[in-house]
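Novice: Sequence:
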Amino acid sequence: MTAWRDQLQPASFRGVPFFVDSHETALGRRVQLHEFPLRDKPYAEDLGRKARAISITAYVIGPGYMAARDQLARAIEEAGAGSLVHPYLGEMSCTVTDCKLSESTAEGGKASFTISLVEAGAKLFTTAAESTGATAAARADYALQAAQAGFENRFAVRGRPAFVAQASAGIFSQALNVIQASSGLVRGTPTSEAELQRDIDAQRRDPVGLVYNPDATARSLVGNIKALVRSVAQTPADSLSLARTLYRFGADLPLTVPATTSRKAQAANQAELLRLVRVTALAEGARAAARVEFDSYQAATAARDELVDGLTDAMEQPDIADDVYDALRGLRSAVVRDITARGANLAHLVNWAPPATLPSLALAQQLYADATREPELVARNQVRHPLFVAGSVPLEVLVDA
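Quick note on our numbering: the sequence shown kicks off at 307 and runs consecutively.
By construction, these hints were calculated from the structure, which means they are not laboratory data. Incorrect hints may appear among the rest.
Derived pair list, reagent style DSSO-like, types lysine-lysine, alpha-carbon separation capped at 27 Å [as the list claims (entries may be wrong)]:
hint	residue 1	residue 2
1	K570	K406
2	K406	K356
3	K406	K416
Here are the computed distance ranges between Cβ atoms for each label pair [claimed, not checked]:
hint	residue 1	residue 2	range
4	P542	A309	38 to 48 Å
5	L395	T618	50 to 60 Å
6	A468	V563	47 to 57 Å
7	P316	Q672	53 to 63 Å
8	A468	D507	21 to 31 Å
9	P665	E351	39 to 49 Å
Virtual Cβ for every residue (Gly too), placed ideally from N, Cα, C.
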């Protein structure tokens, strides 16, 4: 029989880890009590299960606890529901309703949180699409957490020749350049773009000094990519487009020949930097894809296949840590299930040639019995003259599955 301690899961919220001292969960049923005149016993109307309210006494501890404290505080204050991995209850989607942070000199190096959460659900009845999307998002959080922890454990320049740190700083700077360039590919919010630019400018001042701190390096890269995908982009489709620019970051970089111990360290650090950037982008891409409303079966499968190819490539890289590999495998399976399920009933793109030259409005009415879909037909095929759509020239049109 498995010991109960072996069944506990590492606690985290939105991918940020913490320790749990104790927890409480309020359970019950939603009951409306009806009392009638001249009746001694009331009638209790059962309206379903009551929303579970969870209270967790959590803490972060260690010499660098302040960074972990700030990271958990940001996750708690982030808007919307987040993925909670509860040591005793498992993985669930929750919304924070209240939190108290306490620190004391008597317990130096430790920050305690009393977190109140309620389980989160959709506005409508749950569907298979929403369920698979939530699972994909949770798996993305877990993969990102594993990749960041693996980087912090394996990346090291301290005690090596200066060129090892300089090489890592060069790759770090290239990542900043790509992130900055990608932010201009979509129309983002000015405030978010300005904040991202300020962070990148600050990190550019001393990249060599920064890489001597693996935790700070990981936080900078992950934070920049999250800001790019989640804050600069205004739609899920834009988020997916921006994440895609980093799926294969560094593929054109020359390989470092591990001829000496120092060159081996340089090559290992390069691999860890590339892995962190790629996995972060793939995880954020999976989160975005779970929210994209694809307009066709082909668009859905193209996004799915690109994510699967990127995840498979990341899994096949040498010297990947076992926990990172397992997390990526779980994310890949979740992405396939999610997008395949949502794409199954989408319309298919087919080629169709009008029998004669007609206005696009007439073609939309002929194809869909709905003239209001004319702008979609014009935009998809980049029609130059909507009043004269050439006959016998194939057009891309949507047909129901």
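Novice: Indicate, hint by hint, whether the structure satisfies it.
Specialist: So, going through the hints one by one against the coordinates:
1. Pair hint K570 plus K406 does not hold up; C-alpha atoms about 46 Å apart against a cutoff of 27 Å.
2. Taking the CA atoms of K406 and K356, the gap is near 24 Å; set against the 27 Å cutoff, the hint holds.
3. About 14 Å separates the Cα atoms of K406 and K416, which keeps this hinted pair within 27 Å; it holds.
4. For P542 and A309, the hinted distance range of 38 to 48 Å is satisfied, since their beta carbons lie about 42 Å from each other.
5. L395 and T618 have their C-beta atoms about 32 Å apart, which leaves the hinted 50 to 60 Å range violated.
6. At about 19 Å, the beta-carbon gap between A468 and V563 misses the expected band of 47 to 57 Å.
7. Checking the proposed 53 to 63 Å range against P316 and Q672 shows it holds: the Cβ atoms sit about 58 Å from each other.
8. The given range of 21 to 31 Å is respected by A468 and D507, whose C-beta atoms sit roughly 24 Å from each other.
9. Hint check: P665 to E351, Cβ distance near 59 Å, so the stated range 39 to 49 Å is violated.
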